[in-house]
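Using the hints, position chain B against chain A.
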Amino acid sequence: MGASLIELKNIEKSYASSRVLGPLSFAVAPGEIVGVVGENGAGKSTLLRIIAGVEAPDAGERIAEGFKPGEIGYVPQELALYTGLTGKQNMYYWATAVGLRGRAKKERCRELLAGVNLTEKADKSVSSYSGGMKRRLNLACALVGNVRLLLLDEPTVGADAHSTDLILETLKALKKKNCAVILVSHHMDEIAAVCDRKIRIESGKMIE
Amino acid sequence: MKSFFASLYKDICLFLSVSGLLSLLLPALAAGAFFFGLSDSSKADMTVKPFAVALADLDETEMSETLISQFREVELLSEVRVYNRAELAEANAGGKTKVLLGADDKLVPSDGMFSDELFADCAAVITVPRDFFYDAYTGDEGPVHIILNGKMPLESALTENIVGSVMGILKSERAAWYAAYSLKAGGEFDPADFDAFCADSSVSIIASALGRKSVLDDRGTAEQMKSNTKNTFFTCACSMLMLFVSAGVLKTLPDERRLGLVDRFVSIGGRPFSLILSKLLAAAVFCAVGVVPVMLILRPDASPLVYAAIVCCFFASFAVMLALTRLTRSTEQYMLFGGLITVASLLFGGTIYPSPLLPKFARAIGGLTAPRYLLNSFTESSVLKKSILPLIIIALIGFIVYIGAQLVEAAWSRRMNALKGGEGK
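Chains as they are written, first to last, in this note's numbering: chain A, 1 to 208; chain B, 1 to 425.
Pulled out of the complex, with its shape left as it was, chain A reads as follows:
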């Protein structure tokens, strides 16, 4: 596998009798930010879900370097937040789920909330957050573990400019920590701003 953190070899995915993805081979190295672009329905989200391990490919191999729980951060396109909880409670939930306890958990959550500029709103219900705040919290929740690979599906949809900049700055900071990032986006300026390389998915096939 060489220096790849995760590698997909000739993976295919079909729904009913139609192939929607593949055969496709793809790898990402530590510290690399890869942008994934393509039209709606091209198979980008399916690719991300297979990499995240949420869906299994019908054929081919997904080779992952022994990831522990919480080392893959997944930011789905929808706002995966409990609006009935506060920002802090949302963070605590994911932190507990990846195995953090006690002071380490509190410290990690405090640090992440500060990193996305949500310290003052941490104890407020998520239902009171703006769209941009929710996007930032969505990202923070995905980073709560010791993330080595971060997958983002359109993370800046509906976010204001400040929130978008903060999210992109966070991705650059992650790169410096040798975390790999796969970013699905329709915004070419975002791809250009942070990504080391870009791949295009068209009708389930990869064009680099």
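Watch out, some of these pointers could steer you wrong.
Said to hold, decoys possible - The calculated DSBU-like cross-link candidates involving lysine-lysine, where the alpha carbons are at most 35 Å apart (straight line), are:
(1) LYS2(B) <-> LYS124(A)
(2) LYS106(A) <-> LYS2(B)
(3) LYS2(B) <-> LYS88(A)
(4) LYS2(B) <-> LYS121(A)
(5) LYS172(A) <-> LYS205(A)
What the hints assert, rightly or not - Residues of chain A placed beyond 10 Å of chain B at every Cβ, according to the derived structure:
(6) GLU65
(7) ALA104
(8) LYS175
These aren't lab readings, by the way, just hints derived from the structure by calculation.
Note that the Cβ used here is the ideal one computed from N, Cα and C, for glycine as well.
Using the frame of chain A, we list chain B on its own:
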């Protein structure tokens, strides 16, 4: 395990909102209201007040007249209004009642019949069919028909109880007398002799049936009624608690699926099963907490089997609400249908209104509800067969529907994605 505990923490935090606390509080408040309602009625009077009944005498024989005179002596009955066939027809023609005699010699009930001149304020209308007493001896006994007044549930239930008991006694006494007659006649049946026998024995039989004080002991009956009422109230409050709590804990599940929360949970190594298990445990804990004040207030007559039925009722309620999460798309939709299911279960299950007084279709629907079978644990002799087993079946059906709907949804989603050539959502 850590993802399970995280999920449990999250479900408890989500439940402890205003709506969650209300769903714990309302059943206890309902129990309190029931308790004070019961106490008021018992302080005012230890017995049921005498009430009126009407009797349609279609038999019009000496024997039915004997029955009527015996009924008039029952202290529980303040008035026994008797109408024969001609009087009923005249009253209908004169507009005093809309009730008609049907072709099968049964009174056809009409809306508002217990407000009309003939039957106003009666708890029930009892029809003694033609040739009732004669047919009883020849084994062709038709049932005594009773129309109950839904606005007087206690009195009408008492009347049904009394008439049922009396008819049961009459039946067994007649059987004994007929056996004696057959022995005496030695196989030679003389119609005139048999008629005389019927007339003689009926007086004794009726006096015997209505003379049995245990049938008409209104104090004992009232106490039994009070106990039954208390158990019904308990079933209502307990079922309300289980359905409210289950819905409250499970309501986030449709949105959790839709918003990718389940996907993220899986991506960090969590199992979808532990999401459901944490909700089950959270619901069980909250129900256990909520049922304590209800039990302390109402003190139902609960045997160990009844407690087992309560536990089974919890699983049945949870399973029904879990199945609903697969059949709805959002939390709002879920809460709407969950509320409807709760109200329908309580109503058709016979916990708000007595089951015998519900229309046939409502009783049939009630047979699909958990509260009905929890109520059976108090009223039926075979608790295992009439209560626990049906509750287990309802729980199993709920879980099967949940899993089945999941499979159907996955297949449908795949087909839709194939048609769109689309994203793997």
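Here is what the structure says about each hint:
1. Straight-line distance between C-alpha atoms of LYS2(B) and LYS124(A) comes to about 25 Å, which keeps the hinted pair within the 35 Å bound.
2. For a cut-off of 35 Å, the pair hint linking LYS106(A) to LYS2(B) stands: about 16 Å separates their Cα positions.
3. Straight-line distance between C-alpha atoms of LYS2(B) and LYS88(A) comes to about 18 Å, which keeps the hinted pair within the 35 Å bound.
4. The hinted pair formed by LYS2(B) and LYS121(A) meets the criterion: a straight-line CA distance of about 27 Å does not exceed 35 Å.
5. Only pairs whose Cα atoms come within 35 Å are accepted, and LYS172(A) paired with LYS205(A) is accepted, the gap being roughly 28 Å.
6. Interface exclusion of GLU65(A) from chain B stands, the closest Cβ pair being 15 Å apart, more than 10 Å.
7. Here ALA104(A) stays apart from chain B, with its beta-carbon at least about 13 Å from theirs, past the 10 Å limit.
8. Against the 10 Å criterion, LYS175(A) stays outside the reach of chain B, whose nearest CB is about 21 Å from its own CB.
Of the numbered hints given earlier, the model fails none.
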